[in-house]
Amino acid sequence: MDTPTLLAHLETHDTPVRLPRGGTLCWDDADLHRAAQASDPEGYALLALAPGVAPWQRARVLLQTLAASQAGLDDTTRATLARLAHVLTLALPPAQVITVLLALRRLRANHKHTTRAILRFVLEHPDADALIAARRPALTDCFEHALGKTTARGCARRVADGDTGSDYLRRRLLRFLADPDAALPRVNALYGPGDPAATAPGDAALTLDTPRRQPPTVTATNRGDIAATLVHLYRGAHDEDLYVALGRQVAAAVADLPPFPGTLALVLDASASMRGYGEREWALLSQTAALRMVLEQVCDRLEVVEVGGDERAPRGATDLACGLLDALARGPDLVAVVSDGYENRYPGDLARLTAALPGAGVATPVVFCHAQFTAGDDLTLRRPAPALPQRGFWHQDDFAELLPWMFGHCAAGQPWLRAALRVRLTDLHRQAAHLTTRSAA
Amino acid sequence: MSAPTTDPGPDPAAPLPGPLDLTGALDLTGHRLGTPQQAGALTMVPVTGPARPGVTPPRGGLKLRRVPGYGQVELHNGADTGVAIVPLHLGYIQDAAQNHALCRSAFLAAGQSLLFTDACCVQESQGGLLAERDQWFFVLPLELRARALELRGVQGYSKLWTDIADLNTRYGLPRRGHLEQILSRKRPVLTQFQSRLELQPGQLGALFFINGHFAGLEIAPDPAYFADVWAALVCFAYGVPAWHHEPDPAGRTAEPLRGDSLEELRAALDADRAHRAAQITSWLTRLPTGPVRLRHEDTYLDLRLSTVTAPHLAGQVVTEHGRTVYASLFTTRTTFDPRTPDPRRT
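Protein sequence lines, in the order shown, are assigned to chains H and C. Numbered by our numbering, the letters in the first sequence go through residues 1 to 441 in order. Numbered by our numbering, the letters in the second sequence go through residues 1001 to 1346 in order.
Just so you know, these hints were derived from the structure itself, not from any lab. For each residue, glycine too, the CB sits at the ideal point set by N, CA and C. One thing to keep in mind: the hints can contain errors.
[As the list claims (entries may be wrong)] Derived contacts from chain C toward chain H, CB cut-off under 8 Å, selection only:
hint : residue
1    : Thr1035
2    : Gln1037
3    : Ala1039
4    : Glu1074
5    : Arg1185
6    : Arg1187
7    : Pro1188
8    : Leu1197
9    : Pro1201
10   : Ala1254
11   : Gly1259
12   : Glu1264
13   : Leu1265
14   : Arg1276
15   : Gln1279
16   : Ile1280
[As the list claims (entries may be wrong)] Interface residues of chain C toward chain H, partial, derived using beta-carbon atoms under 7 Å:
hint : residue
17   : Gln1038
18   : Gln1098
19   : Thr1191
20   : Arg1196
21   : Leu1199
22   : Gln1200
23   : Gly1202
24   : Leu1257
25   : Asp1260
26   : Ser1261
27   : Leu1262
28   : Arg1266
29   : Leu1269
30   : Asp1270
[What the hints assert, rightly or not] A short list of chain H residues far from chain C (calculated; beta carbon distances all over 12 Å):
hint : residue
31   : Thr364
32   : Pro389
33   : Pro415
Isolated chain H, as found in the complex (with noise of 0.2 Å):
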């Protein structure tokens, strides 16, 4: 699997799956959703969970997810998937979820994990009546995919006179469910008249990235606490707060983030235009120190070249292929060079240097992290590199989305990547259980 090329692939392609009445299942990308769910199923699972993955491909995920078999995959694996997948079903819009489940009938999935899934969805959805109203055919139709349509009109009929826990409606549908209480009313309700006049909730009852809002005005100290700190020091204050406040914001940073296992490379621009000047100073290179600072802390090994001055006297020039070379000559597992764009001596040099490598043999990856000012910079002419892997960042919430990107390019940043989206997965599913739990109540 290819992971920086399928993470991208993610994050931009958000076409929806379509599903033509009669016709066959829509799906572009089909081909490069298998092969990656077949070269490693739960990594490829686990990267729906990236943050800022587009939510029509986490749509995919689900579905490829619950339509391969689970043959040969050990119990771990499959108790991982199925929390992903009960994740999902709650973190994608109702609607995208009930499109993913009527594929998976066309295409007659009807492994034991899916069954789980699509019942899980149809019956114990925070939403479930208000979907069951507005849905009811199509949801109805996704029930009896699951169990069989004789099986499950048989439990309908069985939950209609009042059975909530005989042998056959245990084995056939209770062993499915995590809330038989709350969901067997909710298979009458299948087959009752449901509601013409109820609209389907359009939103996902769990949220998988918190929406960012950009300050009315970006300034240097509001593109989040680390930085904000860091400006305070750079323009001379000695409060001894400060340092305290600092150490506190960097292991609040990286409190959810697994070590890398490996040796990254910073190539750090220090030069004069990364400090800036009038409202914009320090914003830059604040932001950039903070990235080393986290990047410190996660890391095995951080080897940090500096380019012009250093992060507190930032000066002159900016030789970023010199630096990419010093950085290359540490034996590295990744490189990430991270600079504002603007090279100077001489502009094109990290370009051609980038270019010769594989020629030279060297196969460490290479990204180019932008240091901006705000998500809109005109980056037109700042782009000194642009074959290489590129991301900006500006705020300190966007290294959440950073350093899954930087460390997806190399292979030792693959078991950093798996790890930290479990931990981000154990969260959302206590998330998940919580909002079932207070939906049943």
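Position chain C relative to chain H; hints supplied.
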């Protein structure tokens, strides 16, 4: 842990090329060239040299006191001590008044005010006035500097409008005597030159080339003075023609360096840079020459302000006992087509 930087080190300092001493009129013997930087069509060679202490930096000390009428600008040196040397072709974008530029430099003693009655209005009509927080000062674009210098001492607020209109037309903008069309509307692009080229520690001057053609030489009394005028020079005086000649970034392809190992790539990079430095040196050796005329304009104690005119060059210089304290010399050419194509661009 942070590792120490591997500094490629500055190029061996070189003296300024002979033709710029104006056939001996300027003493530039103490000044040295640094490592060149490039941004698009613009090349900047930093200049270091002996500082002349006691000159008020323009941003802190020199204030626009008032604009009493069209073509009139009063400046004030608010510093307690230190003479101010008004940067040549200084212009102000200001709130609720017409924007003006000066045609000449001048001396202002500490606490002194000076009314320039030969300033030129750079805004043909009222449109385009800026909010107070957007005020800034600039240096006239290179293409207008020779004409503005010619018009020093000439009263008439509209005297530069035709040249500004011609420049706007050349840059595809509406034909109006509105410099604001370039300075304000293109400001997001122009101000990037302040980041694309970066001041060196101790730098007090610069040589500018556009597409390999000599564009100007700027020398300040000390690094603090030069830092104050840096943005106005690089963004507006030289940034405007450089912006006009900006190569298309999408049209560039990176030809890989040649080497089979990191060591060989480093050697290839060094060789390539040496080649490029030699190319810039060749520009220096081919600077235009010709008869130069110096005209004494102003005196403050031992400081002497002179105007330089020549077929190929113009500007003003300040000397003290023959030693150069300030210089703003620029080419009189207005076109900067690439001299030689960059062999690495396809």
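Each hint tested on the structure:
For C:Thr1035, the shortest C-beta to C-beta distance to chain H is roughly 7 Å, which falls under 8 Å, so the interface hint holds. Because the smallest distance between the Cβ of C:Gln1037 and any Cβ of chain H comes to about 4 Å, under 8 Å, the interface hint for this residue holds. The criterion of a C-beta within 8 Å of any C-beta in chain H is met by C:Ala1039, whose closest approach is roughly 6 Å, and the hint holds. Taking 8 Å as the C-beta cut-off, the interface hint given for C:Glu1074 is violated, the closest approach to chain H being about 26 Å.
Because the closest C-beta pair between C:Arg1185 and chain H is about 14 Å apart, greater than 8 Å, the hint is violated. Residue-level restraint check for C:Arg1187 is violated (minimum Cβ-Cβ distance to chain H is 12 Å; threshold 8 Å). Nearest Cβ of chain H to the Cβ of C:Pro1188: about 7 Å, under the 8 Å cut. The hint holds. At its closest, the beta carbon of C:Leu1197 sits 6 Å from a beta carbon of chain H; the interface hint therefore holds under the 8 Å criterion.
A distance limit of 8 Å between C-beta atoms decides the matter here; for C:Pro1201 the minimum to chain H is near 5 Å, and the interface restraint holds. A least Cβ separation of about 4 Å between C:Ala1254 and chain H falls short of the 8 Å threshold, and the interface hint therefore holds. At a threshold of 8 Å, the smallest CB-CB gap from C:Gly1259 to chain H is about 5 Å, leaving the interface hint in force. Because the beta carbon of C:Glu1264 sits about 7 Å from the nearest beta carbon in chain H, less than 8 Å, this interface hint is met.
Interface restraint check for C:Leu1265: the shortest CB-CB distance to chain H comes to about 5 Å, inside 8 Å, so the restraint holds. The criterion of a C-beta within 8 Å of any C-beta in chain H is met by C:Arg1276, whose closest approach is roughly 6 Å, and the hint holds. Below 8 Å, beta-carbon pairs count as interface contacts, and C:Gln1279 has none with chain H, the closest being about 11 Å; its hint is therefore violated. Among the interface hints, the one on C:Ile1280 is violated; its C-beta lies about 10 Å from the nearest C-beta in chain H, farther than the 8 Å criterion.
The interface hint given for C:Gln1038 is met, as the beta carbon of that residue sits about 5 Å from the closest beta carbon of chain H, less than 7 Å. At a threshold of 7 Å, the smallest CB-CB gap from C:Gln1098 to chain H is about 25 Å, leaving the interface hint violated. With a cut of 7 Å, the hint placing C:Thr1191 at the interface with chain H is violated, because the nearest CB-to-CB distance is about 9 Å. Evaluation of the C:Arg1196 hint against chain H yields a held restraint, the C-beta minimum of about 5 Å falling below 7 Å.
Taking 7 Å as the C-beta cut-off, the interface hint given for C:Leu1199 holds, the closest approach to chain H being about 5 Å. Against a cut-off of 7 Å between C-beta atoms, the interface hint on C:Gln1200 holds, since the closest Cβ of chain H lies about 6 Å away. With its C-beta approaching chain H no nearer than about 10 Å, C:Gly1202 sits outside the 7 Å limit, and its interface hint is violated. Taken as an interface hint, C:Leu1257 checks out: its beta carbon lies about 4 Å from the nearest beta carbon of chain H, inside 7 Å.
A hinted interface residue such as C:Asp1260 counts as satisfied when its beta carbon comes closer than 7 Å to some beta carbon of chain H; here the least separation is about 5 Å, so the hint holds. Nearest Cβ of chain H to the Cβ of C:Ser1261: about 6 Å, under the 7 Å cut. The hint holds. For the restraint placing C:Leu1262 at the interface with chain H, the shortest Cβ-Cβ distance is roughly 6 Å, inside the 7 Å limit, so the hint holds. Among the interface hints, the one on C:Arg1266 holds; its C-beta lies about 5 Å from the nearest C-beta in chain H, closer than the 7 Å criterion.
Taken as an interface hint, C:Leu1269 checks out: its beta carbon lies about 6 Å from the nearest beta carbon of chain H, inside 7 Å. At its closest, the beta carbon of C:Asp1270 sits 9 Å from a beta carbon of chain H; the interface hint therefore is violated under the 7 Å criterion. Here H:Thr364 does not stay apart from chain C, with its beta-carbon only about 10 Å from theirs, under the 12 Å limit. Every beta carbon of chain C lies more than 12 Å from that of H:Pro389, the smallest distance being close to 15 Å; the non-interface claim holds.
With a cut of 12 Å on Cβ distances, H:Pro415 stays outside the contact zone with chain C, its closest approach being about 23 Å.
Hint check: violations occur at hints 4, 5, 6, 15, 16, 18, 19, 23, 30, 31; the rest are consistent with the structure.
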